[in-house]
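Please build the complete structure, drawing on both the sequences and the hints.
Residue numbers for the sequence shown follow our numbering, so the first one is 1 and each next one is one higher.
Keep in mind that the hints were calculated from the coordinates and are not lab data. Warning: the hint list may mix true and false statements.
[Claimed, not checked] Subject to a maximum C-alpha distance of 35 Å in a straight line, what follows is the list of computed DSBU-like cross-link-like pairs (lysine-lysine):
hint : residue 1 : residue 2
1    : 40        : 157
2    : 148       : 54
3    : 135       : 50
4    : 126       : 33
5    : 82        : 135
6    : 161       : 82
7    : 126       : 54
8    : 39        : 86
9    : 126       : 39
10   : 137       : 148
11   : 134       : 156
12   : 138       : 39
13   : 138       : 54
14   : 126       : 86
15   : 149       : 82
16   : 40        : 126
17   : 54        : 40
18   : 54        : 161
19   : 50        : 157
20   : 69        : 82
21   : 33        : 50
22   : 82        : 33
23   : 33        : 69
24   : 50        : 82
25   : 141       : 161
26   : 141       : 54
27   : 146       : 33
28   : 86        : 69
29   : 39        : 54
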Amino acid sequence: MTNKIYWGVAMVWLTLLTQCLPKDTRAIEYNNKIVSIQKKINTGLDSFYKTLEKGDSAAIVPAYDTLVKTINDQLIEARNLKPLGKDSTFKATALGLFDVYHRIIEVDFARMVPLLMQAEVSEEEKNLLVDMEKKLKKDEKAAYQKFKKAQQAFAKKHNFKLE
1 MTNKIYWGVA MVWLTLLTQC LPKDTRAIEY NNKIVSIQKK INTGLDSFYK
51 TLEKGDSAAI VPAYDTLVKT INDQLIEARN LKPLGKDSTF KATALGLFDV
101 YHRIIEVDFA RMVPLLMQAE VSEEEKNLLV DMEKKLKKDE KAAYQKFKKA
151 QQAFAKKHNF KLE
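Put into structure tokens, the structure is as follows:
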């Protein structure tokens, strides 16, 4: 009888333990790869913003060119990343976020850079820059919230916690 109790407790313990562990460490690695791509893009953006804050107009174009190369390289890397199993939602949402960054950098920043390099900026141009910045933040926030929701669902599905 005692043997049956021990085996019963052992089976319950083993079942609980296996349910709490990640089912596949590949899911964690996959998540980390996508997050790594996102961090590289954000590092590029931070570097560009710091260049803008310095006010050195000669450094703006090279910093912008570096940022464009960074986003293009990271977008290629993200697109080439194979989805994990049948789960393509997380990757698709990440690509959506990265596409927003790409559009911001390739289109919106391309319009902003010449204005920022001018010695004098008209009131109309200042208003345009402010409006563009508000729109960019709104677009990025919406895409990031979708990404975060998909990432949380992915982590839940694969039994791991996000840091």
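(Q) With the threshold set at 35 Å, check whether the alpha-carbon distance from residue 33 to residue 69 stays at or below it. (A) holds, 19 Å
Q) Given the proposed pairing of residue 146 with residue 33, does the C-alpha separation stay at or below 35 Å? A) holds, 18 Å
Q.
Tell me if the straight-line CA distance from residue 54 to residue 40 falls inside 35 Å.
A. OK: residue 54 and residue 40 at ~21 Å, within 35 Å.
Q) Under the criterion that the straight-line Cα-Cα distance not exceed 35 Å, is the pair residue 40, residue 126 satisfied? A) Given that 35 Å is the threshold and the Cα spacing comes to 30 Å, the pair holds.
Q. Holds or violated: are the alpha carbons of residue 50 and residue 157 at most 35 Å from each other?
A. violated, 38 Å
Q | Restraint status (C-alpha distance of residue 126 to residue 54 at most 35 Å) | A | Satisfied, since the Cα-Cα distance of roughly 18 Å is no more than 35 Å.
Q) Would the pair residue 50 and residue 82 pass a check requiring their Cα atoms to be no farther apart than 35 Å? A) Holds, at roughly 34 Å.
Q) Does the alpha-carbon distance linking residue 126 and residue 86 stay inside the 35 Å limit? A) violated, 47 Å
Q: Quickly compare the C-alpha distance for residue 40 and residue 157 to 35 Å and report which way the hint goes.
A: Judged against 35 Å, a Cα distance of about 26 Å means the pair holds.
Q.
So if I understand the rule, the pair passes when the alpha-carbon distance is 35 Å or less; does residue 148 with residue 54 pass?
A. Roughly 32 Å between the alpha carbons, so the hint for residue 148 and residue 54 holds.
Q: Verify the proposed pairing of residue 141 with residue 54, using a straight-line Cα cut of 35 Å.
A: holds, 26 Å
**Q.** Agreement of residue 126 and residue 39 with the hint, judged by alpha carbon distance not exceeding 35 Å
**A.** Satisfied, since the Cα-Cα distance of roughly 30 Å is no more than 35 Å.
Against the hints set out earlier in the document, violations occur for numbers 4, 14, 18 and 19.
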